[in-house]
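Enquirer: Residue numbers (our numbering), protein chains in the order written: chain A, 1 to 597; chain B, 1001 to 1198.
A portion of the hints provided could be inaccurate.
[Stated by the list, open to error] Heads up, simulated DSSO-like pairs for lysine-lysine below, C-alpha to C-alpha not over 27 Å straight-line:
no.	chain 1	residue 1	chain 2	residue 2
1	B	LYS1096	A	LYS2
2	A	LYS536	B	LYS1171
3	A	LYS317	B	LYS1096
4	A	LYS556	B	LYS1096
5	B	LYS1171	A	LYS2
6	B	LYS1019	A	LYS552
7	B	LYS1056	A	LYS224
8	A	LYS536	B	LYS1065
9	A	LYS2	B	LYS1056
10	A	LYS371	A	LYS292
11	A	LYS2	B	LYS1028
12	B	LYS1019	A	LYS231
13	A	LYS536	B	LYS1019
14	B	LYS1019	A	LYS2
[Claimed, not checked] Selected chain A positions facing chain B (Cβ under 8 Å, derived; list incomplete):
no.	residue
15	LEU5
16	ALA318
17	SER325
18	PRO348
19	ARG353
20	SER394
21	PRO395
Treat the hints as calculated values from the structure; they're not laboratory data.
The C-beta atom is built at its ideal place from N, Cα and C for all residues, glycine as well.
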Amino acid sequence: MKPELLMGNQAIAMGAIRAGVGIVTGYPGTPSTEILETIAARNPGNIYVEWSVNEKSALEVAAGAAYAGKRSMVTMKQVGLNVASDPCMSLAYIGVKGGMVIVVADDPGPISSQTEQDTRHFAAYAKLPVFDPSSPEEAYLMIGDAFAYSEKYQTPVLFRPTTRVCHGSSSICLDNNIAAVAAEGFKKDAKWVIFPRLSYQNHLKVEARHPILAEDFSSYRFNKLTGRGKKGIVTGGISYAYTIENMEQLSGEVKLLKIATPYPFPEKLALEFLQGLDEVLVVEELDPVIEKELLCLCGKYRLDIIINGKLSGHIQKAGENTVESVGRALHDFLGLSAADAAQPFSAPELPVRPPVLCAGCPHRASFYAVKNAMKGQKAVFSGDIGCYTLGNASPLDMVDTCLCMGAGITIAQGLQRAEAGVKQVAFVGDSTFFHSGITGVINGVYNEADMVLIVLDNSTTAMTGHQPHPGTGRTMMGNLSGKISISKVLTALGVQYVASCNPFDLELSRETVKKAAAHKGLAAVIFEAPCIAIMKPHPAYQVDADKCTGCKICIKELGCPAMILTDDKAYIEPSLCNGCSICAQVCPFDAIGGADK
Amino acid sequence: MINCILAGVGGQGTVLASKIIAEAAMTKGWQVRTAETIGMAQRGGCVVSHVRIGDKINSPLLPLKSADIIVGFEPAEAVRCLAYLRENGIVVVNQKGIKPVTASLSDSDYDGRQMLTYLRNQIKNLVVVNGESICAACGSSRVLNMALLGAAVSTGALGISYTELEKAVRKLLPAKLIDLNILALTLGSRINKKENGK
């Protein structure tokens, strides 16, 4: 077989296909998104794939299919598991028939997330087994193991890759034999209905299963014990790769334990590792999960071994590990002299380059219109999760709060209750509106909140790479479904003022927001304009250098990456401009025009 | 082992460029590991791709001071990654600076020139590419990544030949874009090293 370059997420998808998965659901979220997209792209034809409206729905759909004996998989990022935690916790008691894998991608750094939470904790909290792959090729094989363990123990299992596994690519030889999984269908039984009595009984069963699984994991193929000596290193996930990378350069005897199943902790294997050791270094990212398990074992078995890691300050408590950070910890631990520190370059001051809204992004126009409409009024602008969080940056400065998916609408309501005389404005994207914004709107209408809701409808889930959602009328199976109209939803929920407009018409947008702000109660404005990445750009605009006075209003008001100042005149970079026209509308000297001008 | 860093600004096409290098290396039977920046930074932030080619590679991220070559799509982004460059490593850099919005707002005069001067003083094996003139010659602003790949492959530091790279481009790109991209690749590969460097 010729190897193929696969991203970790693609490898997980191909491994799941090979394992005979029959249904895959999920909600997009970096770094997990490409798993489900790859299933859809490489679908052998018999897999049902859907982007669900949110992670809770996704997990429940997957669970239903697993009740009927299908192998099912659900994908999300770590904060998505918070949304899906209600069904997840209960499902751990109920169990499944067909193998069910809950893939949750963690994001040390964090690189694209709100939190550095550790799903390995969640596994212990929910009492679910968890798999932690250390490379794309291992993930490809491990996902199949996850299905097998899930079926063997009739429990959903967690599968937790991290960003560097998800978005790292590797050459992998694929095995095209797809496991045949026959689903027997749903059999009615009292065991599918959760009641306190059943929960108690199942809790006992789960606790009884725990040591059996831990024993089983002690001989699991990707948990590995190698080396010898008085000092030992324990690691797992991508930190294993950094450890190996360093160890190849180091001398001296050392024992190495790689943990691929952090929960239930493979106690027997760990005890074998600890045998005869004086000191241990635990190299892991996010929380000290393995470290605490070892401390617990040392207490339980009265082992006089020093455990070093995050708790002892030997490994950084936050942020991702690197080859260097692990190298330094290993050198210290093994008492080797540190490698030469990299020569600091005396480089000139580097420009700061935060991410920004794209040139031509409709959100810029929407934010600008709202900003102008609210000028002179005391107002707080609550944002949400998506590209539009970037509206926080200068010069727009239109995101005062951002917490989690869907929170902007309800945070605004809390702010309103706490402080009179301040207008509350909440922004929400179209995909986020469907994900978890609607309940917040109902809460506001029901409790008579006074606020302006701005829906930024760009017809896609942009930040994660343009996935369809209920408002787009396209599904992941390639079908056309009825578009769910945000405007009709809002009206049906009892929102008394609902207006839609094109944000690129600045004057109309400003007036519409003004009217909404004057309305007593919950008023909504839907700005409708597609993301520039999913449409053909308009011809670039140009600055007429004779008319341009160099006042910089266009640059300083909009913060568009296509606009710069050269020779004291505004200049539009033609390779970046998408012809949105906003700069032409703000120019007081009529110096900017389209291609036809 | 060959270690390569591609550094640029979100939207410049670094991810595709790293995939093409990886594809070409794999066709030669080598093992490859890459790590990409995917997510929020793709909206105009700093993006870095790590590409490692060899028999046995562990970490997807390069260790510091290990890069045989840094391909900088923007001068400051090349400088930002210099800690990865090994001694006598090669830097291929596009000459045009991209001014961040933050710089425009603060009236900073950043235009990349000071970064190029710094690179010229520090880096013995420097190849400066006029990517914009290649893009203009091709009639597309979207082929900068190919121009830089062409220049990078002609240094020999990637361990793959121009022909092997071209094959990978033909395999990975949609048919209607192949001619355009191959033209940029060719023009990039013709950049005379002697005009550059010290």
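Enquirer: For each hint, tell me whether it holds in the structure or not.
Expert: So, going through the hints one by one against the coordinates:
1. Distance check on the hinted pair: LYS1096 of chain B and LYS2 of chain A sit about 39 Å apart at the alpha-carbon level, beyond 27 Å; violated.
2. Simply put, LYS536 of chain A and LYS1171 of chain B have alpha-carbon atoms about 25 Å apart, close enough for the 27 Å limit, and the pair holds.
3. Distance check on the hinted pair: LYS317 of chain A and LYS1096 of chain B sit about 39 Å apart at the alpha-carbon level, beyond 27 Å; violated.
4. A C-alpha spacing of about 23 Å is found between LYS556 of chain A and LYS1096 of chain B, which places the hinted pair at or below 27 Å, so the restraint holds.
5. Only pairs whose Cα atoms come within 27 Å are accepted, and LYS1171 of chain B paired with LYS2 of chain A is accepted, the gap being roughly 15 Å.
6. Taking the CA atoms of LYS1019 of chain B and LYS552 of chain A, the gap is near 40 Å; set against the 27 Å cutoff, the hint is violated.
7. Pair hint LYS1056 of chain B plus LYS224 of chain A holds up; C-alpha atoms about 19 Å apart against a cutoff of 27 Å.
8. Among the hinted pairs, LYS536 of chain A with LYS1065 of chain B is inconsistent with the structure: their alpha-carbon atoms are about 42 Å apart, more than 27 Å.
9. Of the supplied pair hints, the one linking LYS2 of chain A and LYS1056 of chain B holds, its CA atoms being roughly 17 Å apart against a limit of 27 Å.
10. A C-alpha spacing of about 50 Å is found between LYS371 of chain A and LYS292 of chain A, which places the hinted pair above 27 Å, so the restraint is violated.
11. Restraint check for LYS2 of chain A and LYS1028 of chain B: satisfied, since their Cα atoms lie roughly 11 Å apart, inside the 27 Å limit.
12. The straight-line distance between the Cα atoms of LYS1019 of chain B and LYS231 of chain A is roughly 40 Å, outside the 27 Å bound, and the hint therefore fails.
13. With a CA separation close to 25 Å, the supplied pair LYS536 of chain A and LYS1019 of chain B stays within the 27 Å bound.
14. Distance hint between LYS1019 of chain B and LYS2 of chain A is fulfilled; the C-alpha atoms sit about 16 Å from each other, no more than 27 Å.
15. The interface hint given for LEU5 of chain A is met, as the beta carbon of that residue sits about 5 Å from the closest beta carbon of chain B, less than 8 Å.
16. With 8 Å as the threshold, the beta carbon of ALA318 of chain A stays out of range of chain B, its nearest partner Cβ sitting at about 18 Å, so the hint is violated.
17. Contact between SER325 of chain A and chain B, as hinted, is not supported at the beta carbon level, the nearest pair being about 11 Å apart and thus beyond 8 Å.
18. Taking 8 Å as the C-beta contact cut-off toward chain B, the hint placing PRO348 of chain A at the interface holds, the least distance being around 5 Å.
19. Annotation: ARG353 of chain A was flagged as interfacial toward chain B, and the flag holds, the nearest CB pair being 5 Å apart, inside 8 Å.
20. Here the hint on SER394 of chain A is kept, as its CB sits about 6 Å from the closest CB of chain B, short of 8 Å.
21. For PRO395 of chain A, the interface hint holds, since its Cβ comes within 8 Å of a Cβ in chain B; the closest pair sits about 6 Å apart.
Going down the numbered hints, you'll see the structure goes against 1, 3, 6, 8, 10, 12, 16, 17, while the others check out.
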